[in-house]
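A.B. asks: Can you join these two chains into the complex? Each is in its own frame, and there are hints to help.
The listed protein sequences derive, respectively, from chains A and B. Position 499, counted from 1, in the first sequence is what the numbering used here calls 499; the numbers after and before it change by one each time, with no gaps. In short: position in the second sequence from 1, add 1000, done, that's the numbering used here.
FYI, nobody ran anything at the bench for these hints, they're computed from the structure. Note that beta-carbon positions come from the ideal geometry of N, C-alpha and C, so glycine has one too. Keep in mind that the hints are not guaranteed to be accurate.
Said to hold, decoys possible - List of simulated lysine to aspartate or glutamate pairs, DMTMM-like, C-alpha gap at most 25 Å:
1. A:Lys92 to B:Asp1092
2. A:Lys334 to B:Asp1092
3. A:Lys515 to B:Glu1039
4. A:Lys259 to B:Glu1061
5. A:Lys446 to B:Glu1018
6. B:Lys1085 to B:Glu1067
7. A:Lys259 to B:Glu1039
8. A:Lys251 to B:Glu1018
9. B:Lys1056 to A:Glu228
10. B:Lys1085 to A:Glu444
What the hints assert, rightly or not - Anything over 12 Å on all C-beta distances counts as not near chain A; from chain B, calculated:
11. Thr1029
12. Cys1030
13. His1055
14. Thr1096
15. Val1132
16. Met1133
Here's the letter readout for the chains.
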Amino acid sequence: MRYFQSLLWAFVAYVAVSLPASAQDAAASLDARVNEAFSNATGWFVNFIFMSIPGTSFPWIVMWLVVGATVFTIYFAAVQFRFFGHAISLVKGDYSDPEDAGEVSHFQALATALSGTVGLGNIAGVAVAVGIGGPGATFWMILAGLLGMASKFTECTLGVKYRNEYPDGTVSGGPMYYISKGFDELGLPGGKILAVLFSVFCILGALGGGNMFQANQAHAQITQITGEFPGWITGLVFAAVVFAVIVGGIKSIARVTEKIVPFMGILYVGAAIIVLIVNFDMIGWAFGQIFAGAFTGLGVAGGFVGALIQGFKRAAFSNEAGVGSAAIAHSAVKTKEPITEGFVSLLEPLIDTVVICTMTALVIIISQQLIVDEATGNYLLNEAGTAIATVDGNGGVALTSAAFGSAIGWFPFVLAIAVILFAFSTMISWSYYGLKAWTYLFGEGKTTELIFKVIFCIFIVIGAAASLGPVIDFSDAAIFAMAVVNIFCLYFLMKVVRAELASYSARLKSGEIRKFSH
Amino acid sequence: MKLVIGLDGQSSGEKALEFATGVAANSETCELIVVYVIEWSPFSFQTAEENAQRHKRREEEISIAMERVVEPAVATLKKAGHSVKAIVRHGDVADTIDDIAHSEGASQIVVARSSAGGLTSRLFGSSTANLVMNARVPVTVVA
Chain A
1 MRYFQSLLWA FVAYVAVSLP ASAQDAAASL DARVNEAFSN ATGWFVNFIF MSIPGTSFPW
61 IVMWLVVGAT VFTIYFAAVQ FRFFGHAISL VKGDYSDPED AGEVSHFQAL ATALSGTVGL
121 GNIAGVAVAV GIGGPGATFW MILAGLLGMA SKFTECTLGV KYRNEYPDGT VSGGPMYYIS
181 KGFDELGLPG GKILAVLFSV FCILGALGGG NMFQANQAHA QITQITGEFP GWITGLVFAA
241 VVFAVIVGGI KSIARVTEKI VPFMGILYVG AAIIVLIVNF DMIGWAFGQI FAGAFTGLGV
301 AGGFVGALIQ GFKRAAFSNE AGVGSAAIAH SAVKTKEPIT EGFVSLLEPL IDTVVICTMT
361 ALVIIISQQL IVDEATGNYL LNEAGTAIAT VDGNGGVALT SAAFGSAIGW FPFVLAIAVI
421 LFAFSTMISW SYYGLKAWTY LFGEGKTTEL IFKVIFCIFI VIGAAASLGP VIDFSDAAIF
481 AMAVVNIFCL YFLMKVVRAE LASYSARLKS GEIRKFSH
Chain B
1001 MKLVIGLDGQ SSGEKALEFA TGVAANSETC ELIVVYVIEW SPFSFQTAEE NAQRHKRREE
1061 EISIAMERVV EPAVATLKKA GHSVKAIVRH GDVADTIDDI AHSEGASQIV VARSSAGGLT
1121 SRLFGSSTAN LVMNARVPVT VVA
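Chain B on its own, in the form it takes in the complex (with noise of 0.2 Å):
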C-alpha cells in the first residue's frame, strides 16, 4: 500500500501526518510519500531580472521547503519505523498533489482540512476543495 500525504506547512498538516501514520501502522506494507507543494503557477508575469534569478530562487526554495517542513516529518515517520519518500515540488497544490499521487500509484491521499477561510478561500476557492473535487486517487480529508 502506498499512501501521498499532502503537507502545508503548518499545524493542520501535522494531523494529516498523524492520521497517515496510524492507517500505516495497521498496515503490514505501507509505503508512505510526504508531498510539500510550492504554489507556482507557469502563467505568472515576471520582470527579466527576477527570471534571471528564477534557478537561484528555485533551489532556495525547494530546500527551505525541505529543511523546515519535509525533513522533520520524514524524520519522524522513519524514527516510527515507516518507509518514507519526500517529494517537493514546485505547481498548484491540487494537481501536483494528484499527478504524484497518480503516477506514483498510490491509493489514498491524505491531506488536511484547509487552513485558509474567509474571504480568500470564497474567492480563490481552497486546495483541499480543488484536490477532492479532481483527484483522480482517494483523497482522505482530516479534520
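Just chain A, with the same shape it has in the complex (with noise of 0.2 Å):
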C-alpha cells in the first residue's frame, strides 16, 4: 500500500519537476512529448485494428461487428423487436416478485450500463462521425443500433448466466467469466486463453474508450470555454477526483454524479428537442440529407463508404454493442432467469444511439455547422481533405458545442458541465470494468486492485494530455479489440442463449412467468 503511494507520489513529483519556470513553453513541450510518446507507442495496435480488408478501404473491424450484430439478429428471429414491449414491462418492474425487494433491480441495471456508455460518444463522437461521414453516417449509425441491441441482448444474458457468486454475497460477471465458463460447460477448449486475452483487452479498453477518450474531450471543452491551457492540469484535477473515488472510497461524490448524470442526460435530449422544434420546417431537410448522404456520401472522405465507415464505427464505440462491456454491468442483477437482463439490456443501444445519437447528429445537421458548395450541393472538405470543412474550422465536441450554441446562447455551459460529469461517470463505469478485468487476470485483492487503480489515474492526466488523433484511434483500437474476442466467443455460446430463450418464450406463453399485481 505504501509503496504504490509513493510510486503516485514520484509521478506527480516528476510533473511537477518536469515543468521549469516558463510554465508556457514547458507545458506545451510536456504536452507534445506526452503525444508523440503515445503515438509511437500505440500506431501499430491501432493499424492493426483498423486494416482495411485487401482490395477495399473497408476496415475489418467495422465488417466484424456488423456482422456479429446481423448473425445475432437473424439468429435470434430480431428478438430486438419481437421481445421489445416485453423489456419496457420488465424494466417498470411488472415482472418482479416483491419478496426480491430490495435487489438490484432492472431498471438499476440497465441505468448503471447506460451511465456507463451514454456520454461523450453520444455528444463528441457522434460529431466526429457527421463531421466525417458527413449527414449519411447518421443513417448506418441507427442501422447499426438498431442491430447492435441483438448483441447486446446475447451478452447480456451470457453474463448473468456465468456471472461468480462469492459467499460474502458479492458478484463477479463479463464476458471474461462467460468466455471461461461456458467454454467449459460445452467442451470447447481455449476458453481460459480467449478469456484472458479479453481481459487484456479490457483493460486497454478502460484505459482508452473509458478514460483517455473522456478526459481528452472534457479538456477540450473545458478550453472552449476557459481559453486554452495546458491539458495535464485538467488531467491532474480529473485524475485527484477519480482517486478519491476509487481509491479513498468517497462514494458521495460518485453518487452525487450518479444521480446528476440521468438528469444531465434529459436535460441535453430536451435541448435537442428544443432545438428541433424551433426549426421544425428543416427536419425533413435534414433527414433528406441524411438519406442522400447514406447512399451518396455527398461529397465526404471516401463516398458512401466512408460514411458508412464512420456510422458504424461511432455506434459501436457509443452503444458499446458487442464489446462485452455491458455484460459487466449487467452481471449484477439478482434474478432467476438470466435473460430477463438480456431484454433489459437490448433497450441501450435504442435509448443512446438511435434517440440520442440521432438528436445530436440533427441538431449538428440543422445548425448549418458543416458547410455546403452551394454549386454542386455537396459538402466542402477542410484543407487537409479529412473532414467536411465547418464553420470555425470546430471538431468534435467542439462542434456538438457550437451547433446547440447557435441555437441556444447559453448552452454550451450547461453542455460543459455535462461532458465533464459525463466524462467523470463513464470513467468511474469503465474503472470497474477494467477493473474487474484487472482481478480476473490477478486475482481478488487489496493491493492488485490499487495497482490498477492507480495506473486507471495516471492515464487520465496522459489522455488530457495528449491531442485527440492519436487518443481516439488508441481508444476505438482498445475498445474493437474487445469485440473482436467477445463476438467470436459468442459465436460459440449463443446457442446456450437461444435455449434460454426457447424455455423462457415457452412459459411466458404458458402463463408459468407472470406479471405480478402491484
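C.D. replies: This is how it looks when you write it as C-alpha cells:
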C-alpha cells in the first residue's frame, strides 16, 4: 500500500519537476512529448485493428461488428423487436417479485449500464462521425444501433448466467467469466486463453475509451470556455477526483454524479428537442440529407463507404454493443432468469444510439455548421481533405457545442458541465469494468486492485494532455479489440442463449411467468 | 382478526405497538403482524460497484432491522401472549405496508403519527399521510 502511494507521489513529483519556470513553453512541450510518445507506442496496434479488407478501404473490424450484430439478429429472429414490449414491462417492474425488493432492480442495472455508455460517444463521437462521414453517417449509425440491440441481448444474458457469486454475497461477471465457464460447459477448448485475451483488451479499453478519450474531450470542452491551457492540468484535477472516489472510497462523489448524470441526459435530449422544434421546418430537409448522404456520401472523404464506416464505428463506440462491457455491468442483477437481463439490456443501444445520437446528429445538421458547396450541394472538405469544413473549423465536442450554441446561446455552458459529468461517470464505470478484468487476471485483493486504480488515474493525465487524433485512434482500437474476442466467443455460446430464450418464451406463453400485481 | 402494525424504529412506533396490544387484548383471537419497511426504490441510480454489493447490503439491512427494531417488538408481544408474525421488506413505506395488509387479509393497519416534520414532510409528503390516503384497509394513526 505504502509502496504504491510513494509511486504515485513520485509520478506527481515528476510532473511538477519537469515543469520549469517558463511554464507556458514547458507545458506545451510536455503535452507534445506525451503526445509523441503515445502515438509511437500505440501506432502498430491501431493499424492492425483498423486494417482495411484487402482491395477495399473498408476496415475489417467494422465489418466484424456489423456481421456479428446481423448474425445475432437473424439467429434470435429479431428478438429486439419481438421482445421490445416485454423489455419495457421488465424495466417497469411488472415481473418483479415483491419478495426480492431491495435487490438490484432491472431499472437500476439498465441505468448503471447506460451511465457507462451515454456520454461523450453521444456528444463528441457523433460530431466526429458527422464531421467526417457527413449526415449520411447518421443513417448507418441508426442501423448499427438497431442491429446492435441483438448483440447486447446475447452478451448480457450470458453475463448473468455465468457470473461468479461469492460467499460474501458480492458478484463478478462479464465476458471473461462466460467465455471461460461457457466454453468449459460446452466442452470447447481455449476458453481460458480467450478470457485472458479479452481481459487484456478490456483493461486497454478501460484506459483508452473509458478514460483517455473522456479526459481528452472534457479538456477540449473546458478550453472552449476558458481559453487554452495545458491539458495535464485538467488531467490532474480529474485524476485527483477519480482517485478520491475509486481509491479513497469517497462514495458520496460517485453517488452525486450518478444522480446528476441522468438529469443531464434528460436536459441534453430536452435541449436537442427544443432546437428541433424551433427549426421544425428543417427536420424534413435534415432527414433528406441523412438519406442522400447514406447512399451517395454527398462529397465526404471516401464517399458513401466513408459515411458508412464512420456511422458504424461511432455507433459501436457509443453503445458498446458486442464489446462486452455492458455484460459486466448487468451481471450484478439478482434474477432467477438470466435472459430477463438480456431483454432489458437490448434497450440500451436504442436509447443511446437510435435516440440520443440521432438527436445530436440532427442538431449538428440543422444548425448548418457543416459547410455546403452551393454549386454542387455537396459538402466542402477542410484543407487536409480529411473532414468536412465547418463554420469555425470545429471538430468533435466543439462542433456539437457550436451547433447547440447557434440555437441556444447559453447552452454551451450547460453542455460543458454535462460533458465533464458524463466524462466523470463514464470513467467511474470503466474503472469498474477494467478492474473486473484486472482482478480476473491477477486475482482479487486490495493490493492488486490498488495497482490498477493508480494506473487508471495516471492515464487520465496522459489522456487529457494528448491531442485528439492519437487518443481517439487508440481508444477505438482498444474497445474494438474487446469486440474481436467477445463476438468470436458469442458465436459459440449463442446456442446457450437460444435454449434460454426458447424455455423462457414457452413459460411466458403458458402463463407460468406472469406479472405480479402491485 | 388480523392487525398489521407498521414500525418506524422510533419511539412513535412504540406507541403504535402499545395501541395495537390494547386492541388485541380486547379480541379473543388476534394475530399481530409486525412490519418494518426499509425505504428503497427500484428506480434509483447506483454505481456498478454498488450494484455488485447490493445483495450483501440487502441482507445486512434486513438483519439489522430484524435485530434492532422487529425482534424486540416481537418479543414484547409474545410475552404478552399474542400470536405474532414479523415481516421486514424493502420498498416504499406506504405502498409496502398496504400491500402486506391487503395480501395478508388484515382488518386494520396501525401506524404512528408521522415522525418527520417541517420542510422534509412538506417537500416529500409523509409516509403516514400517503398510507392513510391510499390504503385498501382501514388505518388507525396513533398520536
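A.B. asks: Look at each hint and say if it fits the structure.
C.D. replies: Now the hints, each set against the structure:
1. A:Lys92 to B:Asp1092: 15 Å, holds
2. A:Lys334 to B:Asp1092: 20 Å, holds
3. A:Lys515 to B:Glu1039: At roughly 23 Å apart (the allowed maximum being 25 Å), B:Glu1039 and A:Lys515 satisfy the hint.
4. A:Lys259 to B:Glu1061: 22 Å, holds
5. A:Lys446 to B:Glu1018: It is violated: about 49 Å lies between the C-alpha atoms, which goes past 25 Å.
6. B:Lys1085 to B:Glu1067: 15 Å, holds
7. A:Lys259 to B:Glu1039: Holds, because 17 Å separates the two Cα atoms, which is no more than 25 Å.
8. A:Lys251 to B:Glu1018: Measuring from Cα to Cα gives roughly 40 Å; hence the hint is violated.
9. B:Lys1056 to A:Glu228: 47 Å, violated
10. B:Lys1085 to A:Glu444: 41 Å, violated
11. Thr1029: At roughly 27 Å from the nearest Cβ of chain A, B:Thr1029 sits farther out than 12 Å, so the non-interface label holds.
12. Cys1030: 25 Å, holds
13. His1055: With a cut-off of 12 Å, B:His1055 comes too close to chain A, as the shortest Cβ separation is near 5 Å.
14. Thr1096: 8 Å, violated
15. Val1132: For B:Val1132, whose nearest Cβ neighbour in chain A is about 20 Å away, the distance exceeds 12 Å, so it holds.
16. Met1133: Holds: least Cβ distance 17 Å, greater than 12 Å.
Checked against the numbered hints above, the structure breaks hints 5, 8, 9, 10, 13, 14 and satisfies the rest.
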